[in-house]
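There are 2 protein chains.
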Amino acid sequence: MNAIKINGERLWQALMELARIGATPRGGNARLALTALDGQARDLVTGWMRDAGLTVRIDRLGNIFGRRVGRNDALAPVMTGSHIDTQPTGGKFDGCYGVMAGLEVMRTLNEHGVTTEAPLELAIWTNEEGARFVPVMMGSGVFAGVFPEATALTATDDAGKSVAGELAAIGYAGTAPVGHKVGAYFEAHIEQGPILEAEEKVIGVVTGSLGLRWYDVTVTGMEAHAGPTPMPLRRDALYGASFLFQEVTSIANDFAPDGRGTVGVVNVHPSSRNVIPGRVRFSVDLRHLDGGQLDRMEARLRQACTALARGRTTGTALAVEVEAVQRFEPTPFAPELVAHIRQAAAARGYAHCDIVTGAGHDAVYLARVAPTAMIFVPCKDGISHNESEDARPEHLEAGANVLLAAMLAQAQG
Amino acid sequence: MNAIKINGERLWQALMELARIGATPRGGNARLALTALDGQARDLVTGWMRDAGLTVRIDRLGNIFGRRVGRNDALAPVMTGSHIDTQPTGGKFDGCYGVMAGLEVMRTLNEHGVTTEAPLELAIWTNEEGARFVPVMMGSGVFAGVFPEATALTATDDAGKSVAGELAAIGYAGTAPVGHKVGAYFEAHIEQGPILEAEEKVIGVVTGSLGLRWYDVTVTGMEAHAGPTPMPLRRDALYGASFLFQEVTSIANDFAPDGRGTVGVVNVHPSSRNVIPGRVRFSVDLRHLDGGQLDRMEARLRQACTALARGRTTGTALAVEVEAVQRFEPTPFAPELVAHIRQAAAARGYAHCDIVTGAGHDAVYLARVAPTAMIFVPCKDGISHNESEDARPEHLEAGANVLLAAMLAQAQG
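Protein sequences, first through last, are from chains A and B.
Just add 425 to wherever you are in the first sequence, counting from 1, and you've got my numbering.
Just add 425 to wherever you are in the second sequence, counting from 1, and you've got my numbering.
Misleading hints may appear alongside valid ones.
If we take Cβ atoms under 7 Å as the criterion, some of the chain A residues that face chain B in the derived model are [what the hints assert, rightly or not]:
id, residue
1, GLY689
2, SER696
3, ASP710
These are computed hints drawn from the structure, not numbers from a lab.
Backbone N, C-alpha and C fix where the C-beta goes; we use that ideal spot for every residue, glycine too.
Given the sequences, and given the hints that come with them, work out the whole structure.
Here is the structure:
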């Protein structure tokens, strides 16, 4: 089986042809979910699926499944897939790579006349990006039972158009119920981060998805005129908050390598050049692969807030309020699938390393209903969700070869 | 002479009567420059001036001068004054106190039949607040030659109405040229800061006005997704900028007691909860009484920016740009006038201390054309430019007694 290799040139051509639909002048893609352009892209790819002998089935949310029959067709399918909708100024690879890699696996198996024990399926999930309709990762979320079908179908865009209406308009309001048994799920994806490039690896063996906790922190001091108020009498909310900004980074550093800590939004009140800030409200994003570690990271944040409030940090007491906004639990991927990916990369001699995903993917929802794992390949400068998103053909080819081998290992069983 | 005292009750009543014009439900004043309410307040106070035997003269910018004749009326007048316009949610004391204290000095001299050697003048300056028309401190600015009369007269409010038109509309477009010789200028004012209250002083002997330098600093790193980007590979502009926020405070602390350092405005780009900030732009406000010290404070700021840019602060190089936005030079007040104020406070047994003004006042412009000094009295919690602005009658009385003594010391000559 190790002798079978995918056709990197064909994979690249498929990606480039798909990227013509909704191409932007700067080399990116604007193909928002359930627009006419999304419809064109679905038509193109389902045509390719049928040409590859797959049986195409569309569910009520427009999720597309191309099925390749197995020797024991009663087995739950080994599935791969991703999405082909994009951000408004998105790139050519995010999502599309996972679908085209899966298609290339099917084409390669056809060429070599391979029939697997379990059936295979290639999935295209509706509205992964969430740029036009929320919730984000809509199709896979309903598939995995994370939120109800009705929530998704009644979601509207800024113009008031509904998912249900737009699915019908592009001809993808299917009849199949949403959700069916999946034996295993693999997803190939560009990394959307800088690690593989920095470490000169070709394959990222994704061991799981980081848990996430979001907070809003409000530091309140005393607003006062910047001129007449001497330093010892100030209660400067920004000066106080700056120690928390740094602590968020310190916490993440202390929980290396899987810890992340980010302050992304800062609002200063009253935001006047000559007024000492009386109130600062900012976001905190903490992530880790391990729920226990995430608990400890949160405890550190709360300790730092208490220390600041009591005046132990700056010598000046301030009011500090921490509000928990959202949380996702960490999702470890299925060890046996992860092992298939690691072995496939090693067998083919690709430089590889274990990695975690900090971004959301359809695979993170699929992991709730099936053994799941992901394969990452490097993207240029770690940039994604951007028209300048780029990836090297040989890396994309390597990722698809690993996907092929991992699916075969799982489905031949 | 030390036996003469002003009438604190009469001073308080005058302040309260003036405060009825434009009174707000929360106990403040909304009496913007050159509105009908400002016109009513001018009518009230010029009526009181005339009742006190003052000759009222109005210049082309609507500055009002009430003159009390001297034995040697050819001498340049010893002037006092302030303003009676307010912020949109201003208080009863900012500006008004200086004018009412000056009026009370005139009334007291009349009661005691005192004629001074030099003539005295009571000034009401047009549009000190700058809340409706800019430039701020408009009347005194033109009087002192800081900017041209035409700039002031053609300034318009948000509705497009001009200073010239609004002066005419309220009947205060005078005919006197703007600017005349002033022998000395005193201004009594609430402190608008917390020092006197904190130090339990009644009189602040104002030795000068802080110089001010404003900068915009831009720190540029690399915008990236908060999930997939591990800590060592980040170029977080906010994390970097937070060290500069702290350094601004450290610099001011190191130049105590007259140093001030404030970051009042912070804009984070792209300001998304799950994106590492790629760019942070923030304001820096540095102040000191001494120009040389201010130079050294600026040098410290620039050193800190260079250190951050070169990666010496966080281990990560960032782009840091410093743009100088505005500067006012420090204004030391006239030592002989300051000495009169200090002696008057001491002679009457008022707890007093030297202090500087960090806020702008008409006196700061007058200091460019005449020997000038200011008298501060405490205000509650240091709060000003706010409807809750408050001051104690006995402090206001003390300040007016010091003003009386200082003006007599100067004008008796």
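Please list, smallest to largest, the hint numbers that this structure does not respect. none
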